[in-house]
Structures are given as C-alpha cells and as structure tokens.
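Engineer: Sequence:
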Amino acid sequence: MPIELEKAYEPGKYEDQVYAKWEKSGSFSPKPSSDKEPFVISMPPPNATGTLHLGHAVMIALQDIMIRYNRMLGKPTLWIPGTDHAAIATQSVVEKNLMKQGVKKPRQELGREKLLQEIREFVANSQSTIKNQVRKMGASCDWTREKYTLDPQMNTAVNRMFKYMNEDGLIYRGGRIVNWDPKMQTTVADDEMEYISEKTKFYYFQFGPVVIGTARPETKFLDKVIVVHPEDKRYQDLIGKEFEIEWINGPTKARVIADSCIDMEMGTGAMSITPAHSLVDFELAEKYNLESPQIIDFEGNIMTEVSEEFGGMPIEEAREKIVEKLEERGLLIKIDHEYEHNIAINYRGKGLIEPQIMKQWFIDVNKKVIDWKGAKLSIKEVLQDAVNSKMINIIPSRFEKTYFNWIDNLRDWCISRQIWWGHQIPIWYQLTAEQYKTFIESGEQSSTLLNVMKVESEPVFSESKPDGDHWIQDPDTLDTWFSSALWTFSTLGWPENTEDFKNFHPTSVLETGYDIIFFWVARMILASTYTLRREGISEEKSIPFKNIYLHGLIRDRRGKKMSKSHPETCIDPLEMIEKYGTDAVRLSLIIGNTPGNDMRLYEEKISGYRNFANKLWNASRFALSNIDEADLQKEFTADLITSDADRWIVSKTQELITATQADIENFRFSDAGNRLYEFTWNIFCDWYLEISKTQFNPYVLGYVLKALLKMLHPFTPFVTETIWSHLQEKELLIASLWPEQKEEYTFPASEELLETVINIISLIRSKRAELKVPPAKLIKANIVATPGSKLQEQSEIIIKLARLSALEFIASDSTTTDGSVVIIENGIEIRLPMEDLIDKETEIKRLTKEIANKEQAIKSLEGKLGNPGFLDKAPPEVVDGQREKLREEQESLSGLIQNLEKIKN
RNA sequence: GGGUGCUUAGCUCAGUUGGCUAGAGCGUCUGGUUUACACCCAGAAGGUCGGGGGUUCGACCCCCUCAGCACCCACCA
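Counting with this note's numbering, you get residues -12 to 892 for the letters of the first sequence.
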C-alpha cells in the first residue's frame, strides 16, 4: 500500500507536536560514546525577560544545524540552553515600570530587598516566554541541563573565580571616573547615556604663562597642571617648569607637562587638567600620578572644602560668578559664544551627567600569574596566545585583527556595577556602630554612600557574613559579563568536578554575533584559561572553545538595524513562524548569510523558502503515493540501481553528501543550504521525479528521498521529520544517522547531455506550436539518434524531456543520421528533419554568435596553452584541465559549424 | 583620530588559496492549468564586477589611489 500525504504542508499543524516528540524521546541529551569525540555548544543565553528577536533566531538556526548534523554523525552531542539575568536591562525595566506606577525613586523608596523581590517576580513571570520561543525555533538543546545565570551554583562559580583572583592579587580596589547623575543620585552606565549637541560659551583665561580654553570654569579651582603637546613649538620652553599663578582662590602654583594626547588645533593647544570631573583628565592624572581632588559634590554643588565663597552653589550659578570674578582680575581673555559640543545626560530623567571618582573593583590584566606553556603570563598575554597559537580559531579570520587590536588597548577590567540585580560582590566591610546605623537606615544602601561616608575599613573577601558586628557586604554587583565569562564551564557544573565537566569541556564552537566579541568572547577566554589553569587543568582543556563562529547582524531591506522603534521594517520572527513556518524562517536566515557579514531580511525571502518546504512536501507526497510500503522497507543495495537515470541520480546524491558535509564542517552553512535547495528543486524534482513518471524505480526513489531528508534535516527539521514520520521508520529522523557516501553508488556523470536534449525538446515544442498540432492526450514521439551517439546511450533521460513536452517516448531501433525527430501525433507521423525544427534565421544568428564565442574562447585557451609562463607557473592539473577544456571546445565548435552548414543548406 | 568592512543584474546577495564565455533567488517579460506542487512548469531579457593606475602569461579576486556607504573603538579640554 502506498502512503498518502495531505495536499499541502501546513507547518502550524505539525511543528509543536514534532518538537514535543523530540523532547520526549530524549534525543536532545547526549548519548555516551566511547570512541567519538563529543560535540558541545553552550547557547549564548538570551535575556530571561526578553522576547525572541531575529538575532536569537539566526543564532539558534546556526547552532541547531551544527548540533543536529553532529548528532547525526553519532557523536555525543550537547547543547546547553540557558537564560541571562541581564543585570542593567532587567533592573531598569522594572524600575521604569515602578516609576510608571508612581514610585519616583524606586531604589530609595523600596530599598534593596524589596526592589530585588520585585525584579525576581518580574523575571519569574516572563522567563517562560523566551524559553518557549527558543523551542519554537526548533532548537534541539538539552532542557534537562538548562541553566540561569543567577542560579545558586552560578553564584558559587562566580565567588570561586573571585576568590582565586583575590588570592592572586589580581583584584584590587581603585578610583575610577563614573557617570554620576546628581538629579537621580545614581551612576549611569555608558549605554544609558544620551548625548545632545549644545551651543555654549567657551572661555579663554590667562593661566600663568599660557592661555587655556574651557567650557567649564567651575571645575578649575584646584587645577595645578598644564598639558601641552610635546611637539608644540609655542610651548617648548615651558615644558617641565613650574609657575606662580594668579587664580580663582588667589595665588597658586602650576607646572607644565607634555603629552601627545593633546590636540594642538583645539583651543590654544594648552589645557589645565581637572582629574576628578573629566575622563581624559583622570586618565592623564593616572598616567602622571597626579592628585585628583573632588570639586563638585554628589548633589552637583561646589564643595565647601574647595571654596568658601562658592561652596554649596549649583554649578550653573557658580560658573557665571567665577567668570565674573576672573574677569575682574583681568584673567578673562575672550569668550567664544559659538562653541558647539556634546553634553552627556542620563536618558532616564534627563539629568546632566557629572563625572565623579568613585571606588571600584578592578581586575589587573597585566600581572603575570597564569602558568602558561612553561612561563608565567598575564591575562592579556594568555588572551593573545590562545588565538595566536591557533588553539582558538576565529571565523571569519579577519576578526582576529579586531580581537588583537582590542587586547593591545586593553586596560584593567572594572567589574563593579552600581546596581543590585546580579551577583553581589563577595566583599565585606566592618563599619563602626555609627556608620553601620547610617548605612542601614539610608534608603539606598549604595557604594556611593560608602564613598560619601568615607568608609576606610579594610575590605575582606568572604562568601558569607564574617563573625562579629556591623559587617556589611559591598552593595555593588559584579559586571554581568563576569558571570557570563564562566558560562562554558559553569554550565557544566564547575566548580564541582562533575561528569559533564570532565566529558564536555572545552566546548567545540562558540557561535555568536560579532558585536559582543569584546564583552563576552574575550572575557570567556580570560575566565576559562585563568581559572582552569589555576586548578591544574591542561592548557588545551582550559580554553573555553576551539572555534568561534561570528555571525552578522540582521538588517531590514534598507540595510538599517532592526529595532522595535521602527516597527514598520522590523520583522518579528515569531510572526513569520506563524505565517510561513519555522523551517522557512530558518532557511531565510541561513542562506545568503556569510560569517561576520550583516544580512538584509525581508518577508518575500521567507515566503520563498516556505515554497521550498512545500515543494519538498509535495515531492515526497508524489514519491510515497507511488512507492509500496514493502518496497520502502527494503534495504537498498547497488544492484537495485538499474537505469541510466538511476545511476545518474544516485551519483549526484553521493556528490551531494560529500559536498554538503564539507560545507558544514567548514562553517559554510549558506553554501550547504543552497546546495541542498538546488539539488532538491532543480535536480531531484525537476528531473528525477519527472523521469519517474515514465520509468519508476521505487528503491532508488526511496533511497534518494531518505538521504535527502536526512541531509535537509539540520536545516529544515520540522518538515523533514514530519515526512519521515510517514516512512514507517523505527527511529525518529533526529536520531538517525547521516547518509553514508559509497563508492559503489558512484557512476560517471552524464548530465552534460541534458543541455543538448533540452534544446531539441524546445525545438520540438516550437515546431508543434507552429504546426498548430492540437493538444492531445496521447502524443507519441520517436526520437531517433545517430547510433553510438551519447544521445542514444542516454535515452532514458530523454524520457523525462518527452514527458515535459507532453510527448511519450517510444523506444525505437530505427536510426537516422541527420538527427531528425519523428513525432507520431494522433496516429499521424510527423517527421521533423533537423532543419525543419528551427527557425532558420534565429538559429543562424544564435549559432553564429555561439561560434564566435567559441572561437574566442578557443583563441584564449590556445594563447594560454602556448604561453611558456602559464606552462611553467600554473599547477600541472590546471594545465591539464585547460587542455581538456580546449579539446572539448574544439569538438563542440566543429559540431556547431556543421550544424550551421546544415541549416544554411 | 584609530580600526574593520562593503561597492558584482532592477532588488537582495554568492563567487572557497588569482585560471572556463561572472552565478543564484526575487522581480520583470514571454509561453504553459501536464494527475506531487500556480507556494507550479518551460523559456527570455538584464552586468565596463564603484572610478583610475599597477603587479601577473592571466585580476571580480593581489597592491596603490580616488570616490561613495556602513560599522566598531576612542574622544569632543
């Protein structure tokens, strides 16, 4: 009994149940294997509170292809899913919601515990959304091993790395400029800053021997250092000297230093520095070991310690007054009223940012503590070596440059963040009773408060509260990338030495977007190599992954970044899945997408691949409705291949297996997808299925179909699994093995003939139209070929062509020598000599053109082959190939000339 | 300012160490309702490979240069 499928493939009808079947079957968990190397990917965790966007979709599609492919090779295959707590993003969403509900300052009003509780509830409510959406994409990841970046075990891992680094003296506390918002009383992350262009006054003041330019005179009370460019001729004789200066608070001293960071064109080419309230100045101060006194307090007023006269005054007011005072003293040279610059504001609350120095925690990247290949190396050096030595391979390789460039400029990593949602820093301070009271009673228990209170207590590392009174834990949390950096091994159970950790680390591939190469990829290499080496694990096993595959961004049809603020061009993957099916979405994200390059996506592309899924479905429907179940079960062997057409399609299938495999293993997913698409549509459907209509071989058809479903499965898992479920196979497709390429299924190629035959058929067609032969149910054509010609050898393929032009082929012994065609239509025999088959003029034109092309090609080939340079320098196989090509071209040219002669007569 | 890409058919893009007359999908046009599929079939038109120069026997590919477009990092005293 043949099998009947429904008339069209409706993805929505099957996808969820297919996924449930996979998950239930246990196929997502790795099968142990003693001899095969495991294949492992840790999924970059999407935000727990997020929804699936195209970035996730492309990542899942790519990773799922690798995972399914490797699983089908019989390797123990593990893909660990998880979600990320997304510290800043999540906390700010919750705070925003609370603000909408009327809680103006959520941190101060709710306090730490209550706010955290709010966030936890929010996460708990939205976490399942993203996980179900990952399932929708067909991700075959192991949900039994799912992780969340705030799991208690993750916290253990985080504390362990912190502990090691602390013991090795890599972690230190130091001052750093932060973006402080005096209005909201909070620090602001760089990506929460908004820059607006503003026209303001730019003042020029006499400052000792030089004129300095500034837009912010109110910060300049205690400036003591003038910086100029070392090559600036104007200031050469000042460099290194100290001067008495008349300034805001009266006489003071200032010295001149030189640094090439100075722009000679800007202002007067000389500036005085204010380290406490400017990032550049702060860095210069660090470099030259200068003092950095605070001028402006955390409320945004001038400090009383700095100036009795202006103390307590808001900066805008102070600025005017200070300028007045300096003008009175004759120090104001001029004011530029047309000065335009960017000012930074907090995008929430729109408060003006005032840079401030605060105590932060850092990781030293230059201290040499890692035992690496027989030497002590710094974090920075190990990061370089891991990629330089090819232990880690980056695809595409051009990102290696970006990576090294970043490391060269790498500074110590600031790991503390002034938010609460995340892993709290495992550091404790013992306060005095009074300080303790102030701290506990303040609404917002923040590290800022500790700065303001000038707490000097020695910080102590501890995973829990130390013995004694008045201990408080550092209120800051760790940079979210600190915990993400451990992802490849913490998800495997580290710091416990679990079976998973022993079996599956390092992971095989890290697949992610190129936009987080610095944030995440480099940090993972850092955390993994440092931590695992410290535990005595070998260099090879302490890297987090062997390959890094970076995909590009998905853009809209105009090439703009897709963002929710432009809903008209923003494509929602879930909506597309609903409309066209997951398989179509996956293909549209894979094909035409090359590593590291951005890709534009638009709906028509997705609908095109929906058509493909349907094509495959219908091809299978045709096949299954004609193959008997028993024949489908029969084991396929070489002796079941009978006709030339069979040999041809089976050969093509072998080529496809090898080529697709090579593509996937070399991370050329687009090529692989394209190749399969092309084979399915243009070879299998257009040719072999058509041939099957007149010459049916159930075994070959079944074999090719099964092989094709397997190879397509990593790309379009749902439709292939659905079709597979009708094949009466014992195993699910997801658990079946990749088709084996076999020598005995490979036969000499014969497709070059197709072109010739296609030409003949189209001639027949036009002739029929010209003769006004009525459409007939049964038309018999007798195509006669010169004996011994390829055309005759390959007569089976002609059957297909006959079919396409509604002709039925009759095998015939009769022969002609002139390539003429005999058609028997409605019992009438129409003999079509070659010259009658064509429109003389058009054909002469066509042939002439083709001959000219051929001649040109031959000339160029002859030139090439007569060229000593070519013969010497080109590889022998290329030369042979060109010779062979020339022979073929000459042959076909003489054929063309003959045809032309024939037509002309 | 430092860095990295991109420019190939009307559109979106391939083009794997330099070697066929430069390809695909979509779109357009022509013809076709053939018992798997109109989410289909057959065919056609359409390209100075951004401009200029160089290296080479040979350049879409390598080098220089110019132009346009993106992105990343740093910065805007």
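Bear in mind the hints are in silico, worked out from the structure with no lab data behind them. The model shown is predicted, which means the values in this text are computed figures rather than measured ones. Where is the CB? At the ideal position from N, CA and C, for every residue including glycine. Hints may contain errors.
Straight-line distance between alpha carbons at most 25 angstroms, and here's what the computed DMTMM-like set of lysine to aspartate or glutamate pairs gives [what the hints assert, rightly or not]:
(1) Lys533 - Asp502
(2) Lys23 - Asp3
(3) Lys337 - Glu96
(4) Lys170 - Asp246
(5) Lys566 - Glu(-3)
(6) Lys123 - Asp323
(7) Lys697 - Glu716
(8) Lys274 - Asp246
(9) Lys321 - Glu311
(10) Lys170 - Asp155
Okay, the calculated beta carbon distance ranges per label pair [unchecked claim]:
(11) Gln460 - Lys83: 53 to 61 angstroms
(12) Glu622 - Lys23: 23 to 31 angstroms
(13) Gly89 - Lys188: 55 to 63 angstroms
(14) His328 - Pro453: 13 to 21 angstroms
(15) Lys170 - Glu100: 19 to 27 angstroms
Engineer: Would you mind confirming whether the straight-line C-alpha gap from lysine 697 to glutamate 716 stays at or under 25 angstroms?
Structural biologist: holds (13 angstroms)
Engineer: Assess, step by step, whether the Cα of lysine 274 is no farther than 25 angstroms from the Cα of aspartate 246, and give holds or violated.
Structural biologist: holds (10 angstroms)
Engineer: CA of lysine 533 to CA of aspartate 502, is that 25 angstroms or under?
Structural biologist: Within the cut-off at roughly 19 angstroms; holds.
Engineer: Okay, glutamate 622 versus lysine 23 on CB: inside 23 to 31 angstroms?
Structural biologist: Given range 23 to 31 angstroms: holds, Cβ gap about 25 angstroms.
Engineer: Taking 13 to 21 angstroms as the hint, is the beta-carbon distance of histidine 328 and proline 453 inside that range?
Structural biologist: violated (48 angstroms)
Engineer: Can the restraint linking lysine 566 and glutamate -3 be considered satisfied, given a maximum Cα separation of 25 angstroms?
Structural biologist: holds (10 angstroms)
Engineer: Taking the CB of glycine 89 and the CB of lysine 188, does the distance hold inside 55 to 63 angstroms?
Structural biologist: With a Cβ separation near 39 angstroms, glycine 89 and lysine 188 fall outside 55 to 63 angstroms, so the hint is violated.
Engineer: Lysine 337 and glutamate 96: Cα distance at most 25 angstroms?
Structural biologist: Holds - the C-alpha atoms of glutamate 96 and lysine 337 are around 20 angstroms apart, at most 25 angstroms.
Engineer: Mind checking the alpha carbons of lysine 170 and aspartate 246 for me, to see if they're no more than 25 angstroms apart?
Structural biologist: violated (35 angstroms)
Engineer: Could you grab the alpha-carbon distance between lysine 123 and aspartate 323 and see if it respects the 25 angstroms cut-off?
Structural biologist: With a Cα-Cα distance of about 60 angstroms, the restraint between lysine 123 and aspartate 323 is violated, given a limit of 25 angstroms.
Engineer: Can the suggested window of 19 to 27 angstroms be confirmed for the beta-carbon pair lysine 170 and glutamate 100?
Structural biologist: holds (25 angstroms)
Engineer: Lysine 170 and aspartate 155: Cα distance at most 25 angstroms?
Structural biologist: violated (39 angstroms)
This entry does not satisfy hints 2, 4, 6, 10, 11, 13 and 14, going by the numbered hints stated previously.
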